[in-house]
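J.: Heads up: the protein sequence lines correspond to chains A and B, in order. Yeah, the first sequence ends on 480 if you go by my numbering, and it's all consecutive. Yeah, the second sequence ends on 94 if you go by my numbering, and it's all consecutive.
Among the clues, some could well be false.
Claimed, not checked - Below are the DSS-like pairs computed for lysine-lysine, each with C-alpha atoms no more than 30 angstroms apart in a straight line:
1. A:446 <-> A:302
2. A:171 <-> A:88
3. A:115 <-> A:79
4. B:8 <-> A:215
5. B:77 <-> A:130
6. B:8 <-> A:79
7. A:302 <-> A:342
8. A:88 <-> A:215
9. A:171 <-> B:77
10. A:342 <-> A:215
11. B:77 <-> A:88
12. A:171 <-> A:355
13. A:342 <-> A:355
14. A:171 <-> A:446
15. B:77 <-> A:355
16. A:302 <-> A:215
17. A:474 <-> A:446
18. A:130 <-> A:171
Keep in mind the hints are simulated off the structure, nothing from the lab. None of these values were measured; they are calculated from a predicted model.
Spelled out from the first residue to the last, the chains are:
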Amino acid sequence: MSWETVIGLEVHVQLLTESKIFSATPTRYGASPNTQAGLIDLGYPGVLPVLNRRAVELAVRFGLAIGATVSRRSVFARKNYFYPDLPKGYQISQYDQPIVQGGALEIPLPEGIVKRVGITRAHLEEDAGKSVHDRFPEASGIDLNRAGTPLLEIVSEPDLRSPTQAVAYLKALHTLVRYLAISDGNLQEGSFRCDANLSVRPTGETRLGIRSEIKNLNSFRFVEQALRYEADRQVQLLEAGGQVVQETRLYDPDRRETRPLRSKEEAHDYRYFPDPDLLPLVLEETFIDEVRSALPELPTAKRERFQSAYGLGAYDAAVLTQSRDLADYYESAHRAGAPDSKLLANWILGEVLAKLNRDHLEIDQVPVPASMLALLLVRIADGTLSGPLAKTVFETLWAGEGSVDEIIDARGLRQVSDTGALEQVIEDTIAAHATQWTEYCAGRDKLLGFFVGQVMQATQGRANPQTLNALIQKRRERSG
Amino acid sequence: MLSAEEVKRLSVLARLEVRPEDQDRLVRELDRILGFVRQLEAAPTGEIEPLVHPLDLIQPLRDDEVREPVDREAIQKAAPDVAEGYYRVPRVIE
Chain A
1 MSWETVIGLE
11 VHVQLLTESK
21 IFSATPTRYG
31 ASPNTQAGLI
41 DLGYPGVLPV
51 LNRRAVELAV
61 RFGLAIGATV
71 SRRSVFARKN
81 YFYPDLPKGY
91 QISQYDQPIV
101 QGGALEIPLP
111 EGIVKRVGIT
121 RAHLEEDAGK
131 SVHDRFPEAS
141 GIDLNRAGTP
151 LLEIVSEPDL
161 RSPTQAVAYL
171 KALHTLVRYL
181 AISDGNLQEG
191 SFRCDANLSV
201 RPTGETRLGI
211 RSEIKNLNSF
221 RFVEQALRYE
231 ADRQVQLLEA
241 GGQVVQETRL
251 YDPDRRETRP
261 LRSKEEAHDY
271 RYFPDPDLLP
281 LVLEETFIDE
291 VRSALPELPT
301 AKRERFQSAY
311 GLGAYDAAVL
321 TQSRDLADYY
331 ESAHRAGAPD
341 SKLLANWILG
351 EVLAKLNRDH
361 LEIDQVPVPA
371 SMLALLLVRI
381 ADGTLSGPLA
391 KTVFETLWAG
401 EGSVDEIIDA
411 RGLRQVSDTG
421 ALEQVIEDTI
431 AAHATQWTEY
441 CAGRDKLLGF
451 FVGQVMQATQ
461 GRANPQTLNA
471 LIQKRRERSG
Chain B
1 MLSAEEVKRL
11 SVLARLEVRP
21 EDQDRLVREL
31 DRILGFVRQL
41 EAAPTGEIEP
51 LVHPLDLIQP
61 LRDDEVREPV
71 DREAIQKAAP
81 DVAEGYYRVP
91 RVIE
């Protein structure tokens, strides 16, 4: 029997604010434990939460970007459970009236197919603190710095049909939240966290199977591994005549398996109710209009524009627009006068990305400014540099050793296109390899490569290859 | 009628220990409270919009600014056990 996998994802995105969602303490990552947890974050009696306007703006920005309904009125609710890193005994969240409802995300799949994945809802909530288990023997340490950090929980429809699609969705969402500058999307620091619901059903069946929820998926690679494992596990279970149990499972990346965390019977009963400390959040049209007018160009639109405006292929355009910073780098270089938009794309996708990768840098830390790359490409176009020489110059630029023209002059890298100078070197080469020259003139065309190589060597690679080829062939015609 | 099982589950969720000798009384009392709720539920509310807050006001918003200083030492004086800046609690691993 063949099986279909059905996946829905819940992503917690940490919103880029200076202060917490309901209090005026900082959200900075990595501070000394509990130095950013104030009285409201700690749930002291008598304190009142006051909502951060910026967090609301960022949630609305997301809603508008995915074509969702932005609720003119939404309500905060208490989600009740006990855990040491949740000081109040409840998390302030949204339940039946979230700020964002509906909408969709378009995700690129292989072979140029675009899949539309429905978004059920996105709601605002506060984060909990962190428990540390390896610090003290027989005890856990609680750091409440993260308590109250604003999160947007984005819930997808069960529209995804494979672990690969799930990863494509996550990557598209990750790109989008960074484009919108609503989150830094830092996976290591927990700014972008994913839980998955997965079930399987016989192909052709329309009802959903019993699902398990998988937690602790903190990298794209783990998501794919965990979902593959879980789909296989469920299929094997069903094929052996068993039944899937509705439960929460934890992914263990070391063992590459999921294991039960709690069953349906042990599932939390959160007893949601409207938070009496917070009034309904009502959004004026003017507020929503302001957010809308400040929306940046979105990834899909940018990708299409890169194809039409710069004549780039689908793949090049997709990679270049993966991050707003990379796309900006391309366009800055283009504006700075880089002569050939396709060559520019090749250089960025090749040299620039390879070196960023090698040095573990992000595009916003690139040591070669876009204008410098543009000038380098101008020097290729005007014949000063050959491709290989340009790579040498680029390496030097990367190391921060001067400007394009300084490096060319200081290292004598200027390509030799001057016919007179090259002719002299050719004569010297012929004199040194008279036998080969005679054979070449007698018709052994393959020896052209030999002479080109010799002259290149003599000029340290600086000879313009086209000029050189032409000169050697002309010289043979004269000899013959 | 509320069952003893349901009360047991509620006590687990609420982290309340129920002594065996209190259980029957608790079930009876909670059931009476639910009786009051059933009376409320009987009120005709079909035409009425749900009320989420008794005050007819909307949520004010504050600017995104860090304005509340955190005095960790002073705050942690109220905690029974702190170490290295952490609140130290009995080991919890889910």
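J.: Now tell me if each hint is right for this structure.
T.: Cross-check of the supplied hints:
Proximity of residue 446 (chain A) to residue 302 (chain A) is assessed by CA-CA distance (about 48 angstroms); at most 30 angstroms being required, the pair is judged violated. For the hint linking residue 171 (chain A) to residue 88 (chain A), the alpha-carbon distance of about 34 angstroms lies beyond 30 angstroms, and the restraint is violated. Pair hint residue 115 (chain A) plus residue 79 (chain A) does not hold up; C-alpha atoms about 33 angstroms apart against a cutoff of 30 angstroms. Using a Cα cut-off of 30 angstroms, the hinted pair residue 8 (chain B) and residue 215 (chain A) holds, with the two alpha carbons roughly 28 angstroms apart.
The suggested pairing of residue 77 (chain B) with residue 130 (chain A) holds, with an alpha-carbon distance near 20 angstroms, which does not exceed 30 angstroms. Proximity of residue 8 (chain B) to residue 79 (chain A) is assessed by CA-CA distance (about 21 angstroms); at most 30 angstroms being required, the pair is judged to hold. For a cut-off of 30 angstroms, the pair hint linking residue 302 (chain A) to residue 342 (chain A) stands: about 16 angstroms separates their Cα positions. Under the criterion of a C-alpha separation no larger than 30 angstroms, the hint pairing residue 88 (chain A) with residue 215 (chain A) is consistent with the structure, at around 23 angstroms.
Pair hint residue 171 (chain A) plus residue 77 (chain B) does not hold up; C-alpha atoms about 45 angstroms apart against a cutoff of 30 angstroms. Of the supplied pair hints, the one linking residue 342 (chain A) and residue 215 (chain A) is violated, its CA atoms being roughly 43 angstroms apart against a limit of 30 angstroms. A hinted pair counts as satisfied when its Cα atoms are at most 30 angstroms apart, and residue 77 (chain B) with residue 88 (chain A) qualifies at roughly 18 angstroms. Taking the CA atoms of residue 171 (chain A) and residue 355 (chain A), the gap is near 22 angstroms; set against the 30 angstroms cutoff, the hint holds.
For the hint pairing residue 342 (chain A) with residue 355 (chain A), the CA-to-CA distance comes to about 19 angstroms; that is within 30 angstroms, so the pair holds. A C-alpha spacing of about 50 angstroms is found between residue 171 (chain A) and residue 446 (chain A), which places the hinted pair above 30 angstroms, so the restraint is violated. Of the pairs offered as hints, the one joining residue 77 (chain B) and residue 355 (chain A) is violated, with about 51 angstroms between alpha carbons and a cut-off of 30 angstroms exceeded. Using a Cα cut-off of 30 angstroms, the hinted pair residue 302 (chain A) and residue 215 (chain A) is violated, with the two alpha carbons roughly 33 angstroms apart.
Under the criterion of a C-alpha separation no larger than 30 angstroms, the hint pairing residue 474 (chain A) with residue 446 (chain A) is consistent with the structure, at around 16 angstroms. Between the alpha carbons of residue 130 (chain A) and residue 171 (chain A) the distance comes to roughly 26 angstroms, so the proposed pair stays at or under 30 angstroms and holds.
The structure is inconsistent with the numbered hints 1, 2, 3, 9, 10, 14, 15, 16, although it conforms to all the rest.
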